[in-house]
Amino acid sequence: MLAITALALVRLRNLFAVAMLAGIYSLLSAGLFTTLDAVDVAFTEAAVGAGISTILVLGTLALVGHEQKKARRSSVIPLVVVVLTGSILVYGTLDMPPYGDPANPAHHHVAPHYLEESEHEIGIPNVVTSVLASYRGYDTLGETTVIFTAMVGVLLLMGGLRKRENSGETDAETRESEDASGSGPVPTHGGSGTDPPKADGKKTHGEGDAHGG
Amino acid sequence: MNVMGLMNYWAFIFLMMVGFYILISQGNLVKKIVGLNVFQTSVFILYISMGKIRGGTAPILTEGDPIYSNPLPHVLILTAIVVGVATTALGLSLVVRIHEAYGTVEEDDIHDLDLAVAGGEDQSFPVSGMDARA
Numbered sequence: 001m002l003a004i005t006a007l008a009l010v011r012l013r014n015l016f017a018v019a020m021l022a023g024i025y026s027l028l029s030a031g032l033f034t035t036l037d038a039v040d041v042a043f044t045e046a047a048v049g050a051g052i053s054t055i056l057v058l059g060t061l062a063l064v065g066h067e068q069k070k071a072r073r074s075s076v077i078p079l080v081v082v083v084l085t086g087s088i089l090v091y092g093t094l095d096m097p098p099y100g101d102p103a104n105p106a107h108h109h110v111a112p113h114y115l116e117e118s119e120h121e122i123g124i125p126n127v128v129t130s131v132l133a134s135y136r137g138y139d140t141l142g143e144t145t146v147i148f149t150a151m152v153g154v155l156l157l158m159g160g161l162r163k164r165e166n167s168g169e170t171d172a173e174t175r176e177s178e179d180a181s182g183s184g185p186v187p188t189h190g191g192s193g194t195d196p197p198k199a200d201g202k203k204t205h206g207e208g209d210a211h212g213g
Numbered sequence: 214m215n216v217m218g219l220m221n222y223w224a225f226i227f228l229m230m231v232g233f234y235i236l237i238s239q240g241n242l243v244k245k246i247v248g249l250n251v252f253q254t255s256v257f258i259l260y261i262s263m264g265k266i267r268g269g270t271a272p273i274l275t276e277g278d279p280i281y282s283n284p285l286p287h288v289l290i291l292t293a294i295v296v297g298v299a300t301t302a303l304g305l306s307l308v309v310r311i312h313e314a315y316g317t318v319e320e321d322d323i324h325d326l327d328l329a330v331a332g333g334e335d336q337s338f339p340v341s342g343m344d345a346r347a
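Here the protein sequences come in this chain order: A and B. All the letters of the first sequence, read from the start, carry residue numbers 1 to 213 under the working numbering. All the letters of the second sequence, read from the start, carry residue numbers 214 to 347 under the working numbering.
Same shape as in the complex, but just chain B (with noise of 0.2 angstroms):
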């Protein structure tokens, strides 16, 4: 009994660590991107779990007398949605702007831009635009 009460919860976070692991073993932005997103969504079905009560029924108002559930998780998740695509928007975003200065996405081959440039940094080098501007 014990045991299953917490099933919601082991869920979550066995997603929530799926989510983890892409965002930080992949090389790829994107994906790291949509990582992101899958730990967001853990994050949703945490608070919207915990506002569960069995037995319980969507909370709007009825004739009756049932048992709703409760909305206020229901109401700090829409929020937490809409806010999830907005930064998610920017990240894409940044993304393209690294893709438009490196020619790539690639983790690693950024890396190995980043030292090209810092061992030959006095034959001035063009890279330094984005940092300007950042």
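Excised from the complex, chain A in its bound form (with noise of 0.2 angstroms):
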């Protein structure tokens, strides 16, 4: 299921299709995770993956528009790598420990720990939970580190161009002088399909998303 969902995607123009296909292929993932056991990882996959990203991939596309235009390269150099790097990868496979044996190397240093100690080090029944929270709890701050940075990048980006909108200046007259009157039709580079009322209409829209990620 995952692998035809995947396969679609590649052929697929219409990226309104894509992004609500890219929804169901992280769906059915959290749906895979769920039979590994991974109960956790499934409601956030489920949530954030088939949530939040397909939320942020909508709300860009009401911002630049849902056609792909037909590549003009060929597309079999791409092929070749990705078959290349796919069969170097299934040859380093060769050597890794088979699923599910529990004498796997990844289930034999802190991981029984965990499962032994956290009910009476931390007192929480969920494992998954104890161990994100205290034991590893440096890694979830660094994790806020990077959505925070993330955060401040994209309202960087996404800031400034409200601005720009609101005072009707192009990209080069802003360079130029910031608290120039610029009103008025100007020249912008490329402007052909650019909709400056429309995507003003949009933006807000798109930036409540960034916030929600």
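Some clues are possibly wrong.
[Said to hold, decoys possible] Computed spacing ranges between beta-carbons, pair by pair:
#1 A/11 / B/277: 46 to 54 angstroms
#2 B/307 / A/112: 38 to 46 angstroms
#3 A/1 / B/279: 24 to 32 angstroms
[Claimed, not checked] Listed below are several chain B residues computed to face chain A (Cβ distance under 7 angstroms; list not exhaustive):
#4 219
#5 226
#6 231
#7 233
#8 234
#9 235
#10 238
#11 254
#12 272
#13 274
#14 281
#15 285
[Stated by the list, open to error] To be clear about the criterion: a stretch of chain B counts as covered by chain A if any three or more of its residues have a C-beta under 8 angstroms from a C-beta of chain A, and this derived list gives those stretches:
#16 239 to 249
#17 288 to 297
#18 304 to 316
Hint data in this document are derived by calculation from the structure and do not stem from the laboratory. For each residue, glycine too, the CB sits at the ideal point set by N, CA and C.
Could you fit the two chains together into a complex? Lean on the hints.
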């Protein structure tokens, strides 16, 4: 199912369909995580991957249009690269431990300690929670830092966009003088397809999504 | 037996390569980011499948003494999912900015515009605003 969805993603040119299929792909992988006993991961993936990511992509599509053009270059070279990389990876898996074996090295370092001691040391029945918030609390702090940085980046990129659109200035004019009263239509670079009033209307939508992420 | 034990890796490799293919072959920047998400999810599947123990159950402590799957990959991937959405948001906002500067999100068109600008540089075509800010 995942494979079919992923292959359909390659073929589709309508980007709205691509966005919805990506959401379905995330939801299917959430189901797979549930069967692999990772319930916390499954509902994070369903909420964040299938929910917020899809909304973000849809918000972007509202701004940039939803039809993909046919690529001019041939798809043979990417295909060769992908097949080559894939075969090397398959070769690499031949030494990997078999799936589901309790004797795998991954299960013999700190994981038994977490499973046996976290009830006394932390007192939360959900081991994933106690590892996330306590044993690996610094990871979570780092994660929060990454999200903060990404949010600052998004706000810088999008906030500047709104300011320029409101003042009716083009890129070049803003660069030359911030307080120049540049009113009236100014030739924008690559103006074909740009539609400032429409983009401005959808702006708040996209930015609200960014906050959710 | 040996081959069946490696099937999860091969499934992950297939999904990863589909994402990789979308990333390098498609010209549309939004679709590239979707491909990046597919790629990312395949790595999640790799980690989670490595944490699975046959006959195990979700690592939530209960009565009795069942076998629990390894909780560590779950924690790592929880972090990775959230970071993945942060990168997606940043990437998509970059796409919006590129659309604002170039009027298109197709790689071929952007390349053409860049070439056109390089050809007529002395006519002071207003394009370098984005580079200046970046």
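- Message: Against the range 24 to 32 angstroms, how does the distance between the Cβ atoms of residue 1 of chain A and residue 279 of chain B compare: consistent or not?
- Response: Distance hint for residue 1 of chain A, residue 279 of chain B holds at roughly 28 angstroms.
> Does residue 219 of chain B pass the interface hint, meaning its C-beta sits closer than 7 angstroms to a C-beta of chain A?
Replying inline: holds, 5 angstroms
Using the nearest Cβ pair, does residue 274 of chain B come within less than 7 angstroms of chain A?
holds, 4 angstroms
*Interface hint compliance - residue 231 of chain B to chain A, C-beta minimum distance less than 7 angstroms*: Holds, about 4 angstroms.
Practice item. With a C-beta cutoff of 8 angstroms, work out whether three or more residues of the stretch 288 to 297 of chain B approach chain A closely enough for the coverage to hold. Key: holds (count 9)
May I ask you to test the interface hint for residue 238 of chain B with respect to chain A, counting a Cβ-Cβ separation under 7 angstroms as satisfied? holds, 4 angstroms
Does the CB of residue 235 of chain B sit less than 7 angstroms away from some CB of chain A? holds, 6 angstroms
Query - residue 307 of chain B versus residue 112 of chain A beta-carbon gap, inside 38 to 46 angstroms or not - result: holds, 43 angstroms
Exercise for review: Using Cβ atoms only, decide whether residue 285 of chain B comes closer than 7 angstroms to chain A, and label the hint accordingly.
Suggested key: Since chain A brings a Cβ to about 5 angstroms from residue 285 of chain B, closer than 7 angstroms, the hint holds.
request  = Double-check residue 254 of chain B for me: the hint is only fine if its C-beta lies closer than 7 angstroms to a C-beta in chain A.
outcome  = holds, 5 angstroms
- prompt: With 7 angstroms as the cut and Cβ atoms as the points, is residue 233 of chain B at the interface with chain A?
  reply: Where the cut-off is 7 angstroms and the nearest Cβ of chain A is about 5 angstroms from residue 233 of chain B, the hint holds.
Checklist line | Closest C-beta approach of residue 226 of chain B to chain A relative to 7 angstroms, hint status | finding: holds, 5 angstroms
Checked against the numbered hints above, the structure violates none of them.
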